[in-house]
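Visitor: Sequence:
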Amino acid sequence: MEKIENNSQGILALTNRIRMEAEDVKRIGLPLDAFPQKLQDIIFEVARIEQFDLEYLTMSMLSAAATAIGNSCHIRIRGSWKSSPALYVILIGRPGQGKTPPLDYAFRPLQEHDFLLVSKFIEENKRYAELNVGNKGNAIDADKPVLVQTILSDLTQEAMMRIHNDNQRGIVILVDEIMGFFNSVYRYNDSPLLTQLLTAYSGKPLKVSRCNNPVPIIIPHPCINIIGTTQTQRIGELFTKENVSSGLIDRILFLLPKNRDIPKMEENPDVGSQGNDRAECAYRKWKAIIDKLLSLEPDYDEKGVIMPKVLDMSEDAYRCFAKWKNTLIEKANSVEDERLIDSRMMKADSNVARLALVFQFLGWACDEIHMLHIDVRSVQAAIRMYDYLELSYQSIKSHIQTDSMSPLKKAFLDLVHPDFTEIGICESTVKKDLAKMCEEQILQKMAHGVYKKLL
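Position one of the sequence shown corresponds to residue 478 (this note's numbering), numbered consecutively onward.
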């Protein structure tokens, strides 16, 4: 039996490699080969049948898996430093590029899970109401049903806290046009929602007190995922001075696909109808993975507070993670002016650790690896995925900076070569503008009087 399973895995791996060549996955840089073979098969099948973009679909599935794992398990990064798998993700593209359909598909099992919980709540609430009538309004509040939900789309700060308090396993803020969500955060100057999102990402307890309730809501282990879409021309709205300085931007994973063509619709109606059975089969496989992740049981203390289980990295995995992190530290230590240190680079370890946890559990849900610890393959996969996403971030940042640059700066950059020394402009003007463009990461100072263009 084991020999048959190994042979089946080998055939699937070969099939996936052929598909990668056919889809030119290497060109777009997506490290799809780092995913479990079973999930690769599902991604290729779904993308072909539904005509989804591979990059949007893959990132949406990672976010959905992170949501399903939730607070059931954390990863130990070092000592007492532990992290949930929560990810903040934004999918970017031009209108009609197909951002929303793969996102909806990836989260469909979680939506169905929520629908079942709503049905359960309605039935329990009906029985509670009947009991309340029978007891002449003296039903015990402790028996009152609580609606547990995972997906939030339209929310206030108080609603988010209440829903998360009822679902300690974790929640996801899923918004189709996410700039509307972030703009609503700043609708009121005293809104603490941004602060709470930053606190939640750091894994620190959340607390909110309400005037009409003397008992505050306290969430000791917040686990809030965020994912949404936006158009390329709108992403610049997120890069405000406040969002950059607060570190929000550093915590977000951005995806701007290499393939930016709008997929054409299949014109043969027979092909569309013939794909129904295969599409349903592929969806059942994806749903089985999410359901298996949702079946993970966390621990609870005597007060009913969730106590996430913790997975350590194996020795090889930790060495791999530490070596990668030390490379970033060496880059930071080589920068003399601390204002020029890339703060995003120094926060990368949190997202890589979270991705490693998600990769490990995806492998387990696909029956390909264990969940005794985080192994080196999961860490390597996480590093590759993060590096791939950072190329998107650099492309987005370049787009935003070029759009917002003054005509004088654009003319200046057009005049100089990629590597240049100070040129014949007024010395004070050059020093002032060069220093500012280095701070804005338009240029990089290589040595005294020697600069390199980053855009």
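There could be a bad hint or two in this list.
[What the hints assert, rightly or not] Quick list of the computed label-pair ranges, beta carbon to beta carbon:
hint, residue 1, residue 2, range
1, Asn609, Arg755, 16 to 26 Å
2, Glu719, Lys929, 49 to 59 Å
3, Ala490, Asn609, 53 to 63 Å
[What the hints assert, rightly or not] Think about it this way: if two alpha-carbon atoms lie no more than 30 Å apart in a straight line, the pair counts; the simulated DSS-like pairs of lysine-lysine are:
hint, residue 1, residue 2
4, Lys802, Lys621
5, Lys824, Lys603
6, Lys802, Lys824
7, Lys808, Lys684
8, Lys930, Lys802
9, Lys735, Lys559
10, Lys786, Lys718
11, Lys681, Lys808
It should be emphasised that the hints constitute simulated quantities derived from the structure, not laboratory data. All C-beta atoms, glycine included, are put in the ideal place defined by N, C-alpha and C.
Visitor: Would you mind marking each hint as holding or not holding in the structure?
Guide: Hints and how they fare:
| no. | hint | verdict |
| --- | --- | --- |
| 1 | Asn609 / Arg755: 16 to 26 Å | violated, 50 Å |
| 2 | Glu719 / Lys929: 49 to 59 Å | violated, 29 Å |
| 3 | Ala490 / Asn609: 53 to 63 Å | holds, 58 Å |
| 4 | Lys802 / Lys621 | violated, 49 Å |
| 5 | Lys824 / Lys603 | violated, 48 Å |
| 6 | Lys802 / Lys824 | holds, 10 Å |
| 7 | Lys808 / Lys684 | violated, 37 Å |
| 8 | Lys930 / Lys802 | holds, 26 Å |
| 9 | Lys735 / Lys559 | violated, 33 Å |
| 10 | Lys786 / Lys718 | violated, 37 Å |
| 11 | Lys681 / Lys808 | holds, 29 Å |
Hint check: violations occur at hints 1, 2, 4, 5, 7, 9, 10; the rest are consistent with the structure.
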